[in-house]
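Student: Listed below, chain by chain, are the residues.
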Amino acid sequence: GEDVEQSLFLSVREGDSSVINCTYTDSSSTYLYWYKQEPGAGLQLLTYIFSNMDMKQDQRLTVLLNKKDKHLSLRIADTQTGDSAIYFCAESMVGGGFKTIFGAGTRLFVKA
Amino acid sequence: GAVVSQHPSWVICKSGTSVKIECRSLDFQATTMFWYRQFPKQSLMLMATSNEGSKATYEQGVEKDKFLINHASLTLSTLTVTSAHPEDSSFYICSARHEARRGGGTGELFFGEGSRLTVL
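Sequence lines, in order, name chains A and B.
Every number in our numbering is 339 more than the matching position in the first sequence, counting from 1.
Every number in our numbering is 5 more than the matching position in the second sequence, counting from 1.
It cannot be assumed that every hint is accurate.
[Said to hold, decoys possible] In the SDA-like style, the derived pairs of lysine to any residue whose C-alpha atoms are separated by at most 20 Å in a straight line are: (1) A:K375 with A:G421; (2) B:K19 with B:S88; (3) A:K375 with A:F348; (4) B:K19 with B:F72; (5) B:K46 with A:K406; (6) A:K438 with B:S20; (7) A:K438 with B:R42; (8) A:K375 with B:Q47; (9) A:K438 with B:L51; (10) A:K375 with B:T62; (11) A:K406 with A:I388; (12) B:K71 with B:S20; (13) A:K438 with B:K19; (14) A:K375 with A:N391; (15) A:K375 with B:P91; (16) A:K375 with B:K69; (17) A:K438 with B:T62; (18) B:K46 with A:F348; (19) A:K409 with A:S390; (20) A:K395 with A:P378; (21) B:K46 with A:L347; (22) B:K46 with A:S346; (23) B:K46 with A:V449; (24) A:K438 with B:S88; (25) A:K375 with B:V8.
Simulated from the structure, these hints should not be mistaken for laboratory data.
Owing to the predicted nature of the structure, the values given are computational and were not obtained by experimental measurement.
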């Protein structure tokens with residue numbers, strides 16, 4: 340079955356880079372996403388990558404995809420205190436109405 | 006950007022009563038909406054897929070009679086928690102896919118703000 344796994348907690352100092360890792364199981368995934376959730380709020384799409392891409396960069400965000408190992412990572416450069424949130428990795432299936440499966444979320448804590 | 010609104014954002018009810026949560030796509034049409042449940046410090050658990058004009062598709066383990074879903078229009082889906090009990094207390098989040106972007110789009114989901122249900 341489909342499964343998305345990610346580490347639950349990451350703590351970094353302000354100004355450092357943060358790297359959040361994720362592994363997924365479904366090889367038919369079309370899109371892989373990173374969503375951000377701030378306390379008491381819904382999720383907001385940060386970035387996404389199509390499954391035939393290796394890397395995508397968007398300002399401070401860099402997404403790396405290793406399709407062979409089914410490993411996805413999100414790097415946040417120059418991490419700020421405002422980046423403190425929960426980051427969810429998600430994969431979207433081919434067919435099935437784009438059913439999206441989420442990982443458990445990585446709680447990023449940025450120390451000033 | 007596309008906006009999804011949920012109401013109420015929080016609700017407290019007595020055990021045994023029913024609670025309705027609304028999910029609206031404000032500036033786009035959504036034939037498909039999704040309902041998730043999130044426990045503290047845990048991920049989103051997909052409960053059901055709401056389909057406009059037809060029955061919802063429930064995930065395994067989710068009671069259809071407990072969590073009633075109605076998707077009467079292209080901009081509104083409702084989740085009713087019937088005969089609520091304290092174990093139903095949770096954060097419920099809906100999401101919708103922007104239909105205009107579906108064909109050539111990214112499958113991006115737009116999320117509501119969430120509804121926190123507390124059952125006493």
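Student: So which of the earlier hints does this model not fit?
Tutor: Hints 5, 6, 10, 13, 14, 15, 16, 20, 24 contradicted; others consistent.
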